[in-house]
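> The hints should help you fit chain B onto chain A, whose structure is shown.
For reference, the chains in residue letters:
Number of protein chains: 2
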Amino acid sequence: MSAVTKPLDKPAAGRGASLKSEFVAFKTNRIVEVASHLFYQRGYSSCTLDNVADNLGVTKPFLYSYFKNKEAILAAICEVGISEALAVLETTLAGEHRNHKALLAEVVRQVGRIVIDRQEYVVVYQREMKHLSASDYDRILRLRHSFDHQIAELIREGIEAGEFREDTDSFVAVWIGGLISWIPTWYSPGGQRSADEVVDQLVSAALRLAGAE
Amino acid sequence: MSAVTKPLDKPAAGRGASLKSEFVAFKTNRIVEVASHLFYQRGYSSCTLDNVADNLGVTKPFLYSYFKNKEAILAAICEVGISEALAVLETTLAGEHRNHKALLAEVVRQVGRIVIDRQEYVVVYQREMKHLSASDYDRILRLRHSFDHQIAELIREGIEAGEFREDTDSFVAVWIGGLISWIPTWYSPGGQRSADEVVDQLVSAALRLAGAE
Chain A
1 MSAVTKPLDK PAAGRGASLK SEFVAFKTNR IVEVASHLFY QRGYSSCTLD
51 NVADNLGVTK PFLYSYFKNK EAILAAICEV GISEALAVLE TTLAGEHRNH
101 KALLAEVVRQ VGRIVIDRQE YVVVYQREMK HLSASDYDRI LRLRHSFDHQ
151 IAELIREGIE AGEFREDTDS FVAVWIGGLI SWIPTWYSPG GQRSADEVVD
201 QLVSAALRLA GAE
Chain B
1 MSAVTKPLDK PAAGRGASLK SEFVAFKTNR IVEVASHLFY QRGYSSCTLD
51 NVADNLGVTK PFLYSYFKNK EAILAAICEV GISEALAVLE TTLAGEHRNH
101 KALLAEVVRQ VGRIVIDRQE YVVVYQREMK HLSASDYDRI LRLRHSFDHQ
151 IAELIREGIE AGEFREDTDS FVAVWIGGLI SWIPTWYSPG GQRSADEVVD
201 QLVSAALRLA GAE
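Chains as they are written, first to last, in full-length UniProt numbering: chain A, 1 to 213; chain B, 1 to 213.
Next comes chain A alone, as it looks inside the complex (with noise of 0.2 Å):
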């Protein structure tokens, strides 16, 4: 789970705990949302923490006291997108669906609908994931491959219910996650295409790739 949705250690117990943590939650999302949006816009190199703790009209020891340095809230920022697909995947799965086809459809067009939702965080994570730390670039990576698996995992199934083309590679999982990544690069808000048209091609485009139609 998100290190912006998520971002306690340990959980919070009893009413006024819980409350706490609702405004710890809250503040650390804000902070998120905010240098996500500078360093969309300016890069992240080129933003300072004075930078974040301005636009927020904070200090920068307050931001201190929710992430350790700028590379934490540049890891939590690239997290936000990978975890939420992750999320909607595991709850899709455990969800009833007529067919493998159905379900691949579904997956997709939540996903989609997280990186355009998400635009900005996934070209963040897309343009500066080389300034992420070791431990933290491992971190995402491997919820990325989590999410590839379980898709090429689905594809098999499919593929053995007799669903999906037979020629179909599973490897199809990851130009499946390709097309889905690279929405955010080219797919412009009040742009020709709407979000419901893109995420409606998308759609059609995995089932083509993994020879669902």
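Derived from the structure by calculation, the hints contain no laboratory data.
Small disclaimer: the values here were computed from a predicted structure and weren't measured.
Heads up, the beta-carbon is just placed ideally off N, CA and C, and yes, glycines get one too.
Please note that a few of the clues may not be correct.
Stated by the list, open to error - Listing some non-contacts, in silico: residues in chain B with all C-beta distances to chain A over 12 Å:
#1 HIS97
#2 ALA105
#3 SER146
#4 GLU153
#5 ALA161
#6 GLY177
#7 VAL198
What the hints assert, rightly or not - List time: in silico DSBU-like cross-link candidates among lysine-lysine, alpha-carbon distance up to 30 Å:
#8 B:LYS20 to B:LYS70
#9 A:LYS60 to B:LYS130
#10 A:LYS60 to A:LYS20
#11 A:LYS130 to B:LYS27
As the list claims (entries may be wrong) - Computed Cβ-Cβ distance ranges for the label pairs, DEER-style:
#12 A:THR48 to B:GLN41: 39 to 45 Å
#13 A:GLN150 to B:GLU197: 21 to 27 Å
#14 A:SER65 to B:LYS130: 28 to 34 Å
#15 A:GLU157 to B:GLY95: 49 to 55 Å
#16 B:ARG165 to A:GLU160: 24 to 30 Å
Leaving out everything else, chain B in the frame of chain A:
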């Protein structure tokens, strides 16, 4: 054509001038090559022209005799991939092919090979395009649009010829461009999949998207 492969404004005349233009092209290419590697490793914002000059073993004034500033070098880097892609697209379209499917496969195969060969250039473009001047940004975007439009046209003709599925939206050209553009971010030379395998899979994915197999 690329600023890298054709750095002169006017065609050189005579043997001496031609040799001189070769020297200029050679030096320009070396600057772009070294700068691309530095920007890829450290990020554009973190690199200075002094770093580029040091790495080439030349002076900063030497760089200024070929490029007016750091942004001009970035623009030359960003243009390499798409310029080479357009060149092979045009050469391939002008050649003979037995059908639209073979033509699409050939273009995608060659362009896939370019983005693998030019991996660092393409990644620098994707990461650093926000640092381009408005005119360079627009010029390169127009080149990309030209590529997409020509692929879309090829797909439309393939549909009319009854080779590609009728329910294929020619906007699928943008998704094919996405598959190609995505390769440099995940492909690792010496990794699990060879360049040949990746290109074979890319071709197969592109044909599926176009409804051509």
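> Confirm or reject each hint.
Structure-based check of all given hints:
Its beta-carbon lying about 23 Å from the closest one in chain A, B:HIS97 satisfies the requirement of being farther than 12 Å from that chain. Residue placement check: B:ALA105 keeps its beta carbon more than 12 Å from all beta carbons of chain A (closest about 16 Å). Its beta-carbon lying about 15 Å from the closest one in chain A, B:SER146 satisfies the requirement of being farther than 12 Å from that chain. At roughly 18 Å from the closest C-beta of chain A, the C-beta of B:GLU153 stays outside 12 Å, upholding its exclusion from the interface.
At the 12 Å boundary, the C-beta of B:ALA161 stays outside the reach of chain A, the nearest C-beta of that chain being 19 Å off. Not every beta carbon of chain A lies more than 12 Å from that of B:GLY177, the smallest distance being close to 8 Å; the non-interface claim is violated. The Cβ of B:VAL198 sits about 10 Å from the closest Cβ of chain A, inside the 12 Å cut-off, so the non-interface label is violated. This hinted pair checks out: B:LYS20 and B:LYS70 have alpha carbons roughly 24 Å apart, not beyond 30 Å.
Simply put, A:LYS60 and B:LYS130 have alpha-carbon atoms about 27 Å apart, close enough for the 30 Å limit, and the pair holds. Taking the CA atoms of A:LYS60 and A:LYS20, the gap is about 21 Å. The hint holds against a cut of 30 Å. Under the criterion of a C-alpha separation no larger than 30 Å, the hint pairing A:LYS130 with B:LYS27 is consistent with the structure, at around 29 Å. A hinted range of 39 to 45 Å is violated for the C-beta pair A:THR48 and B:GLN41, which are about 22 Å apart.
Distance hint check: the CB atoms of A:GLN150 and B:GLU197 are about 22 Å apart, consistent with the given range 21 to 27 Å. Distance hint check: the CB atoms of A:SER65 and B:LYS130 are about 31 Å apart, consistent with the given range 28 to 34 Å. As the Cβ distance of A:GLU157 to B:GLY95 is approximately 42 Å, the hint placing it in 49 to 55 Å is violated. In this structure the supplied range 24 to 30 Å holds for B:ARG165 paired with A:GLU160, their Cβ-Cβ distance being about 25 Å.
In the structure shown, a violation is registered for the earlier hints numbered 6, 7, 12 and 15, in ascending order.
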